[in-house]
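Q: Sequence:
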Amino acid sequence: MDFLDKLNNQQRAAVTAGNGPVLVVAGPGSGKTRVLTQRIAYLIAEEGVRPWQILAVTFTNKAAREMGERVKKLLPDQAIEGIMLGTFHSICGRILRRETEYLPIQSNFVIFDTDDQERIVKNVIREFNINEKLYRPASVLGAISRAKNELITADDYPTQTYRDEIVKRVYAEYQKRLVASNAVDFDDMLMYTARLLEENPSVRDKYAQRFRHVLVDEFQDTNLAQYALVKQLASFNRNIFCVGDPDQSIYAWRGADWRNVQRFEQDFPDAQTILLEQNYRSRQTILDAAMGVIDRAHNRRKKKLFTDRGEGEKIFFYEAPDDYAEASFVVDTIAQLVASRQFEPGDCAVMYRTNAMSRLIEEAFLQARLPYRLVGAQRFYGRREVKDIIAFLRLVHNPADEASLDRVINVPPRGIGDKTLTTLHLVARQNNLQPGHVLLDLARGKESPYWESFSGRAALPLADFGGMLATWRTAALSLTVPELFDRVVKDLGYKEYIDDESEEGEDHWENVDELRRLTLEYSTRTLDEFLENIALVSDQDTITEGNVPTLLTLHAAKGLEFGAVFIVGLDDGILPHSRSFDEPEGMEEERRLFYVGITRAKDKLYLIRSIQRGGRGSQEETFPSRFLDDIPADLLIGKTRTGRAMRGAPAETKWAIHTRTQSASVIETQFRAGTRVKHSSWGEGIVLDSKIQDDDEIVDVVFNSVGIKRLSASLANLKII
DNA sequence: AAGTGCTTGCTTTTT
DNA sequence: GCAAGCACTT
Ligand SMILES: Nc1ncnc2c1ncn2[C@@H]1O[C@H](COP(=O)(O)OP(=O)(O)OP(=O)(O)O)[C@@H](O)[C@H]1O
Numbered sequence: 001m002d003f004l005d006k007l008n009n010q011q012r013a014a015v016t017a018g019n020g021p022v023l024v025v026a027g028p029g030s031g032k033t034r035v036l037t038q039r040i041a042y043l044i045a046e047e048g049v050r051p052w053q054i055l056a057v058t059f060t061n062k063a064a065r066e067m068g069e070r071v072k073k074l075l076p077d078q079a080i081e082g083i084m085l086g087t088f089h090s091i092c093g094r095i096l097r098r099e100t101e102y103l104p105i106q107s108n109f110v111i112f113d114t115d116d117q118e119r120i121v122k123n124v125i126r127e128f129n130i131n132e133k134l135y136r137p138a139s140v141l142g143a144i145s146r147a148k149n150e151l152i153t154a155d156d157y158p159t160q161t162y163r164d165e166i167v168k169r170v171y172a173e174y175q176k177r178l179v180a181s182n183a184v185d186f187d188d189m190l191m192y193t194a195r196l197l198e199e200n201p202s203v204r205d206k207y208a209q210r211f212r213h214v215l216v217d218e219f220q221d222t223n224l225a226q227y228a229l230v231k232q233l234a235s236f237n238r239n240i241f242c243v244g245d246p247d248q249s250i251y252a253w254r255g256a257d258w259r260n261v262q263r264f265e266q267d268f269p270d271a272q273t274i275l276l277e278q279n280y281r282s283r284q285t286i287l288d289a290a291m292g293v294i295d296r297a298h299n300r301r302k303k304k305l306f307t308d309r310g311e312g313e314k315i316f317f318y319e320a321p322d323d324y325a326e327a328s329f330v331v332d333t334i335a336q337l338v339a340s341r342q343f344e345p346g347d348c349a350v351m352y353r354t355n356a357m358s359r360l361i362e363e364a365f366l367q368a369r370l371p372y373r374l375v376g377a378q379r380f381y382g383r384r385e386v387k388d389i390i391a392f393l394r395l396v397h398n399p400a401d402e403a404s405l406d407r408v409i410n411v412p413p414r415g416i417g418d419k420t421l422t423t424l425h426l427v428a429r430q431n432n433l434q435p436g437h438v439l440l441d442l443a444r445g446k447e448s449p450y451w452e453s454f455s456g457r458a459a460l461p462l463a464d465f466g467g468m469l470a471t472w473r474t475a476a477l478s479l480t481v482p483e484l485f486d487r488v489v490k491d492l493g494y495k496e497y498i499d500d501e502s503e504e505g506e507d508h509w510e511n512v513d514e515l516r517r518l519t520l521e522y523s524t525r526t527l528d529e530f531l532e533n534i535a536l537v538s539d540q541d542t543i544t545e546g547n548v549p550t551l552l553t554l555h556a557a558k559g560l561e562f563g564a565v566f567i568v569g570l571d572d573g574i575l576p577h578s579r580s581f582d583e584p585e586g587m588e589e590e591r592r593l594f595y596v597g598i599t600r601a602k603d604k605l606y607l608i609r610s611i612q613r614g615g616r617g618s619q620e621e622t623f624p625s626r627f628l629d630d631i632p633a634d635l636l637i638g639k640t641r642t643g644r645a646m647r648g649a650p651a652e653t654k655w656a657i658h659t660r661t662q663s664a665s666v667i668e669t670q671f672r673a674g675t676r677v678k679h680s681s682w683g684e685g686i687v688l689d690s691k692i693q694d695d696d697e698i699v700d701v702v703f704n705s706v707g708i709k710r711l712s713a714s715l716a717n718l719k720i721i
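For reference, each letter of the first sequence is one residue, going 1 to 721 in our numbering.
No wet-lab data here; the hints were simulated from the structure. Errors might be hidden in some of the hints.
Derived CB-CB ranges, DEER-like [what the hints assert, rightly or not]: (1) Ser-340 x Gly-82: 43 to 49 Å; (2) Gly-417 x Gly-82: 27 to 33 Å; (3) Arg-517 x Pro-413: 40 to 46 Å; (4) Arg-126 x Arg-517: 37 to 43 Å; (5) Arg-379 x Gly-82: 50 to 56 Å; (6) Ser-618 x Glu-265: 34 to 40 Å; (7) Trp-52 x Arg-379: 33 to 39 Å; (8) Leu-134 x Ser-618: 53 to 59 Å; (9) Thr-354 x Ser-680: 41 to 47 Å; (10) Pro-158 x Trp-52: 36 to 42 Å.
We put the CB at the ideal spot given by N, CA and C, even for glycine.
Using the sequences and the hints given, assemble the complete structure.
A: As structure tokens, this is what we get:
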């Protein structure tokens, strides 16, 4: 196995570790993921393990796909056929579909997304006459989700306060409705599987015996349910291999629990712990900055991060006059980096705390006519038209699905309003049926025993829709997924409904078209597979294509690496986010999030903030992120020791406009980004950017003494050195 | 039932 | 500043 030569000793020890439990704990860029993939290859090639005896779990589809590709590079295709490699949820999905005989649901169950969940919780809260203002569906749902992640059922839900009592009641009813809808939510997938394996030795042994090796990536982000799951799956062979980094734990808010390491050590006392030390990704300056930030975290063992990739360049710090300037600075700088051939566009990434922050950055890219790729942000799967069509298909597949029915029963408007819907629910409840079943029966018209419950005006559209659903269900038996899709869209007159010839309408129709393209991959597969995939895949899984910069949240950046990284919005209140101000735990997680962002950079790191920012309404003054103080000042350029270095000249608020004039310029610039210059009073500095404006050259320079200044080349006496 | 216009309250992060 | 949610009208 020649690839073993390229590993350092510790990495090799991890890849070739013998049987038994192994825990690899190591910092960013130390090759954890690399070790995990190579171990898969090693087990197959050297240890005679069959591919289907290997289970490898990741958190995101993207990570799973990437790992699959990396293994493919090491071994021939047929040698890796059958590896069970996927996210926790997709693996649970596969197990659950086969084992429904032990579960309260049937094998055609559907997976509820957050929208569906909220819809059900809202229904329950309303029916229980609970104050929606006091008990926000999202917050109640959060409590339910946390409970499920800890494997706590509604019956076991602890009630210390009155609020707990309410949550418990909602939880119980919510769960009942999920089961009645023949549906599971994301958390159920983990909890059902974990409980199934725990309570049913024969099922557990079937899987535990099959998987000779279980490997888990990003172990620091597992919650209790996930831990229980892998523990059960590894219970027979005890070959469990986990890699993780406590400093990169950024998902505690959704139940991730680093105490799983302690549980692991308790449950597998014979575990070997392997530490990887050397960083192969980043320059030392970047690692030093990262250490500055993470060393201030509490309750952790100090780790030294080192590399032999050299010191590298200093970290750029830029304080923009406002958030528009912040965005155009990023785009301008990327353009410069590309123009000067320092980086490919695809080597650059822009990271931010919240999805909403992508908007200004995108606008700046659009204005500069530069392409980019946006990860996440519900751009496609969150669109109304996409969700609608999926809801129709889900109903065809599983008419019991209450969330989908409520969503689309009146789409396009067919005269079924709130009143009728409420009656439908009531009638269903009285007859111990799901609303969807009553609807299907109403298709028989006056024959149906439920017909009388509705006024004539309400019964007709219900019967109509019920009839349509019934014909789709029959058609689904003989049609392929794309054929069914076309049939549904045509019968609904969905195009006429959404495409009103306006630009927006066309946009919406394009999304439907895109969804149709996705069904084409399922021409030879079942509706079931299509729906499961759609439920588990998300906008986060944007495929890397094209050599263009990536825009993504810090969370989405975990596990990735880029040549040049821009972290924007380094203001207190954004990073750290204001919602974490009053919880020390949350604040620590914000710190780790920043750490994760910094350590994505291979060669160049830009830390950016804006001294004022458009909150809701007008621009508001902001303050630098407290984490910036933890980076040793000598690693940064563009910032004086006193902090607030460059107050923007008034003209700078028009930066975005300058950018546009730039492309129209005829005269050559005298200065280029990266050029070292000297100024009579400010001394030495480095050119950040230069452009022609009104027959003059406007140069942005970072001076060692005063930070970034904007100068006119004709007035300022700048010398190239 | 559905459309209009006004009020509210809101913004982490994701499978 | 905006979207969702509400009351009120037709
Ligand atoms: N022994 C090695 N020789 C050369 N390059 C290496 C070696 N080990 C790892 N690398 C490189 O270092 C980079 C980081 O590796 P990898 O992504 O596996 O790290 P990681 O520990 O999973 O990082 P993180 O925790 O930050 O996601 C990759 O580009 C990888 O190819």
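Q: Between the beta carbons of Leu-134 and Ser-618, is the distance compatible with 53 to 59 Å?
A: violated (31 Å)
Q: Is 40 to 46 Å a correct range for the gap between the Cβ atoms of Arg-517 and Pro-413?
A: violated (28 Å)
Q: Taking the Cβ atom of Trp-52 and the Cβ atom of Arg-379, is their distance within the range 33 to 39 Å?
A: holds (36 Å)
Q: Hint says 37 to 43 Å; check whether the CB-CB distance for Arg-126 and Arg-517 agrees.
A: holds (38 Å)
Q: If I claimed the Cβ atoms of Arg-379 and Gly-82 lie 50 to 56 Å apart, would that claim hold in this structure?
A: violated (34 Å)
Q: Is the gap between the beta carbons of Ser-618 and Glu-265 within 34 to 40 Å?
A: Roughly 53 Å apart at Cβ, these two residues miss the hinted range, so it is violated.
Q: Does the hinted range 41 to 47 Å hold for Thr-354 and Ser-680 at CB?
A: holds (43 Å)
Q: If I claimed the Cβ atoms of Gly-417 and Gly-82 lie 27 to 33 Å apart, would that claim hold in this structure?
A: violated (52 Å)
Q: Taking the beta carbons of Pro-158 and Trp-52, is their distance inside 36 to 42 Å?
A: This hint holds: roughly 41 Å between Cβ atoms.
Q: Just to be sure I understand the hint, the distance between the Cβ atoms of Ser-340 and Gly-82 should be within 43 to 49 Å; is that true here?
A: At roughly 47 Å between Cβ atoms, Gly-82 and Ser-340 fall inside 43 to 49 Å, so the hint holds.
Of the numbered hints stated above, those contradicted by the structure are hints 2, 3, 5, 6 and 8, listed in ascending order.
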